[in-house]
Every structure is written in C-alpha cells, then in structure tokens.
Amino acid sequence: MAWNLQSDRPIYTQILEQIQTRIISGCYKPGEKLPSVRELAAEANVNPNTMQKAFAELERSGLISTQRTSGRTVTEDTSMIEQLKNQMAVSQIQSFIDAMQQLGYSKEEIYNLVTKTLRGGNE
Amino acid sequence: MDYSLLEIRDLCKQYSGVANYLAVYHMNLSIPRGKIIGLLGPNGCGKTTLIKMITGLLAPSNGSVLINGMAPCAATKNIISYLPERTYLQSNMKVSEMVEYFADFYEDFSSERAYEMFNSMGIDPSARLKTLSKGTKEKVQLILVMSRNAQLYILDEPIAGVDPAARDYILKTIIQNYNPNATIILSTHLISDIENVLDEVIFMKNGSLILHDTVDGVREKTGKSIDAYFREVYVC
Numbered sequence: 096m097a098w099n100l101q102s103d104r105p106i107y108t109q110i111l112e113q114i115q116t117r118i119i120s121g122c123y124k125p126g127e128k129l130p131s132v133r134e135l136a137a138e139a140n141v142n143p144n145t146m147q148k149a150f151a152e153l154e155r156s157g158l159i160s161t162q163r164t165s166g167r168t169v170t171e172d173t174s175m176i177e178q179l180k181n182q183m184a185v186s187q188i189q190s191f192i193d194a195m196q197q198l199g200y201s202k203e204e205i206y207n208l209v210t211k212t213l214r215g216g217n218e
Numbered sequence: 052m053d054y055s056l057l058e059i060r061d062l063c064k065q066y067s068g069v070a071n072y073l074a075v076y077h078m079n080l081s082i083p084r085g086k087i088i089g090l091l092g093p094n095g096c097g098k099t100t101l102i103k104m105i106t107g108l109l110a111p112s113n114g115s116v117l118i119n120g121m122a123p124c125a126a127t128k129n130i131i132s133y134l135p136e137r138t139y140l141q142s143n144m145k146v147s148e149m150v151e152y153f154a155d156f157y158e159d160f161s162s163e164r165a166y167e168m169f170n171s172m173g174i175d176p177s178a179r180l181k182t183l184s185k186g187t188k189e190k191v192q193l194i195l196v197m198s199r200n201a202q203l204y205i206l207d208e209p210i211a212g213v214d215p216a217a218r219d220y221i222l223k224t225i226i227q228n229y230n231p232n233a234t235i236i237l238s239t240h241l242i243s244d245i246e247n248v249l250d251e252v253i254f255m256k257n258g259s260l261i262l263h264d265t266v267d268g269v270r271e272k273t274g275k276s277i278d279a280y281f282r283e284v285y286v287c
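Here the protein sequences come in this chain order: L and F. Just so you know, we're using the working numbering here: the first sequence kicks off at 96 and counts up by one. Just so you know, we're using the working numbering here: the second sequence kicks off at 52 and counts up by one.
For the record, the hints were derived by calculation from the structure and aren't laboratory data. Here the structure is a predicted model, which means the values were calculated and not measured. Watch out, some of these pointers could steer you wrong.
[Stated by the list, open to error] Computed footprint of chain F on chain L, listed as stretches where at least three residues anywhere in the stretch have a Cβ under 8 angstroms from a Cβ of chain F: (1) 97-105; (2) 124-138.
[Stated by the list, open to error] Below, a sample of chain L positions facing chain F; criterion: calculated Cβ distance under 10 angstroms: (3) THR108; (4) THR116; (5) MET175.
[Stated by the list, open to error] Okay, derived cross-link-like pairs now, DSS-like style, lysine-lysine, Cα gap no bigger than 30 angstroms in a straight line: (6) F:LYS223 with L:LYS148; (7) L:LYS148 with F:LYS86; (8) F:LYS275 with L:LYS128; (9) F:LYS275 with F:LYS256.
For every residue, glycine included, the Cβ atom is placed at its ideal position computed from N, Cα and C.
Isolated chain F (complex conformation):
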C-alpha cells in the first residue's frame, strides 16, 4: 500500500470529432493525502475534463488514473465525493428528502453534519429545491457533498454563485472538517478568496500542467499572491 491517493500517468483526452486537439495533454500528477489543492486555469484549459476522468465519467484516450491504486470503478466512487459544475438534484424534492437520498446512497454520509450546516446557513430543510435561489441551491449541493466522509473530495467551482459571507463560512467548514487522511481538490476562478486555505496549487494551460507547487512556495519565489501570479501567467 504505497500508492498516493491519486496518481495520474501520461493522461490524455481527445474528444471525438475534434481532430488535432487534446483537451488534456500527457498529464502526470501525484496527489498525497491530507492536502487542500486548488486546480486553477482559464476557461477551457481542461480542468473539468480532467476531473471527469478522475471521477470515471469520461474514459481517457491514453494513460491512466489510479485512486488508491485502483482505476475508476464502483469502489473508487465510494471514496470520492464529487461536486459537479452543474446541479443534478431533482428540483421538486425537498432538502430533507435529498438528505435521505444521500444517506441511502452513500454509506459514509452523515445526516447530522448536513443538518448542522443547513442550520448555520439558515436553510430550511422542508423547502423544495426549486423554490431556492441559485446560490442557495449551490450551498445545498455543496453541503451534501461535504457531509460525506470521503477520502477524496473533488469540487468543481464550489463557491462561484455563493455570496462572500457564505464563502467564508464554507471555507471555515472545510478547514474544520479537515481530515489528515482526506484530500480536497477544488477548481475555481475565485483565487484570492481561497488561496490562504490551500496547501498546493496546480496551474493548467491548454490541457497541460504548467505548475504544481505549494502556495507559500509560489509566494516565496515570485513575491506575489497566487491571484497576482495567475494574472501574470495567463495575461490576455
């Protein structure tokens, strides 16, 4: 058992019908346990494609993804808690019904933790999803995903539609639930909001990995925040 939590080797993805372009281009990456990692890059650089290959929603064109030494399968879905970029919840269900649904579906789901977070964010569990605002829907979904006791959390744009105060609460929740055996990978454009919480950052460009370093490492080498450095690397 000497595998890192996530091991990506020579990973490529070419979408059919798109000749001569690889959405993910020969990527190599090794991610240990106990880290909070930011997956950063401009729109269309391959972040979501990469995430979908890790979660087993897309098949790689080349190379491999190993989670705990296993290729994506039912067993890896058991240990990955994934927040997709779009909602997939039934809009006529109540929040409390979603909690039951998740508790039924995932062995590692804690209803207690979910209700605690709904409560502190002022979300009424008896409300139907379709009656909630876009930001509140996003909060509900994030709370459900974070209430699992997973080993790898993959959050695709988790805080984009959420107000700054709730963003702070979510980040605090992530810090407080921090578990040295679990890793969180989150993709976002709101870098300055989250960079103090991250251990490491991954920069992607045109499907390739162009930087993988610690936040303090980047600050030390460049004398800039991750946000400022990002603007420099991806200047348009």
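In isolation and in its complexed conformation, chain L is listed as follows:
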C-alpha cells in the first residue's frame, strides 16, 4: 500500500489517517510490531518529526503502544479497531451522501440508486 499525500492538507493529519487505515484493513495486524519511525518516514518521503508526531497521536488514542525495548505494536484490542472502522465507514458514507445531495438527489433516490447498483443492474 503506497503513501498517497495530497498537497493542500497538513501532512501530519494525512499520515495519521493512512496508518489508521492500514490498521483497520489488517495491513498492520493486531499485536503486530510496526516499522520504525525512520523506516516509515523514508518510505513515505516525509520528515521524521512528522511521522513521530503521528505516532504520538496514535499512542494517545491507544491504537498503538510502545514497548520499552521492542518498539511499537498495534493494539490487541480488536473491538477498538472495529469501532474505528465503523467510524470511518460512517464518515465515508456521509460524504458520499453529501456529494449526491449536491447533485440534487433526494434521500430516497439515493437509496434506490445504491440498492440498484449493489445488485449490479443499471435499469
């Protein structure tokens, strides 16, 4: 999974979101050891201090924890990961709905269209 950074938002926020996504999607598994700040900074081509700041925030939220000698690991609390996953799903759906309403669709029309598309039919 490549790092994809946009130029108009703070780098730190984007790094934070992408590590969260990696944890939710199972790219980094519960209890797994994370690469070092330096490795990840070089991989994403970002400043190590920015990566460090994102890690500190993840630690504060409890999603990762620091072992004194063995680096950082992803939390083993799968319900916490599940909860974050739900939050991100809801916010994705919300922004989809906002965009559809901007196009002039009512809630009911959106519902019907989504159902149709999910069933694979276009008519």
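Following the hints, complete the assembly by docking chain F onto the known chain L.
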C-alpha cells in the same frame, strides 16, 4: 548551554558600492536542533547572502550570527557542513581523491558513508570530476557534504541540477541520516519536491524575513501547499 543551534540578531548586510539597499535587512531568527528547514524566496531576496554570513564567508554590516553561542570562526566551521551554490572542487581530481581530501580536512567525515552513496547512485569513484555531467558533479558534491557528521548542514540549492529520481534518493538519504542533534537548512526553488520533508519554512523577501512557520502550520492556516502559498505570496 542554553543557546539554540543558530541565533541571528538584527542582522544586516549592505554591499559596498550599493547605497540605500540592504541585501539582508534587520533579520532575527532562532533555529533549534533536530529540524529540516527550507529557506525560500525569489531570486535576489538575500538567501545566499544570509547563508554566507552564517558560514562566515561574509562579514555582517550590523547585528550578529551565533552558532552554538559562538560567532563564525574556525570552531563553527567544524560543526557546519556547507554546500555552496557553485562547485569549488578541482575538476582534474578523481572522486576517490576528493573523498581522501575531505577525510583529511574534516574530522567528522565518514568515507564509508560517502562510498555507500556513490555506489547506490552509480557514481564511479575512479572517474575524474571533469568527465562527469553537471548533475553528477552536483551529486558528488552533495554526497561529500552530507557524509560529514556535522551539527548544522547548510545546503544552497542542493538539488537544482539533479534528475527527479536522484532527487528522491537524496531526500530519502537526508531522512535516513536524520539526527535529532543536527539541523539542515536548505535553500531551493523546487518547493513541491521537498516540502513533505521539511519541518519549517522561512520565506524571505527583499532581505527581510516575512514568514517562519511549520509546514503543517501553513497548510492548516491557508489550506494550501507551501508551493501554492509561495506562488501567491510572491506573485509577479
């Protein structure tokens, strides 16, 4: 020992023969350790003049530069690794001879690190400098400067003549060699290439400092990349 790494106070520079114009105008600046800082501004705004005063190549007309609490002198040259905007290497020397030269000259120089980087960039150490292309010469010089274990690296236009792939490699090298006790100041016009790597940016205009903030601070306040914001501030 409560000095920041670099402390600039009320610094001015007036070149003789140029009346009524200060190339650097009453600048104040404090730079801590452990940062990667971009020194940005249009041509002729005073970036190189400022750099030359920090490295002790030019004497200030007014004000002071303190590195670790010391005015520029032999001791500060020991802790500053400087990449000038022009080449100063002997063109008939071999790359390997330059490495020996640097190792002789600077106590903190690591030949091993230099050879490692020459190797990964595919530069032949037995080649003479004059046989290398402009971009390769720039890479050699940058590698030599980055192979020192300095406290302050000052890079004046380090990646201008270098192709994008090598630029990425150089930036990765800077990140991997990142040392929390050292600071890197780099001046460049290639902002979008480097802004993800920077902690802070300094904008200069007509010899004055007009902005000193973190990259994310600027993005948060303006909703723009440093590159886009620069184009707005310095619109012609």
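Each hint tested on the structure:
no., hint, verdict
1, 97-105, "holds (count 5)"
2, 124-138, "holds (count 3)"
3, THR108, "holds (8 angstroms)"
4, THR116, "violated (18 angstroms)"
5, MET175, "violated (26 angstroms)"
6, F:LYS223 with L:LYS148, "holds (19 angstroms)"
7, L:LYS148 with F:LYS86, "holds (13 angstroms)"
8, F:LYS275 with L:LYS128, "violated (35 angstroms)"
9, F:LYS275 with F:LYS256, "holds (20 angstroms)"
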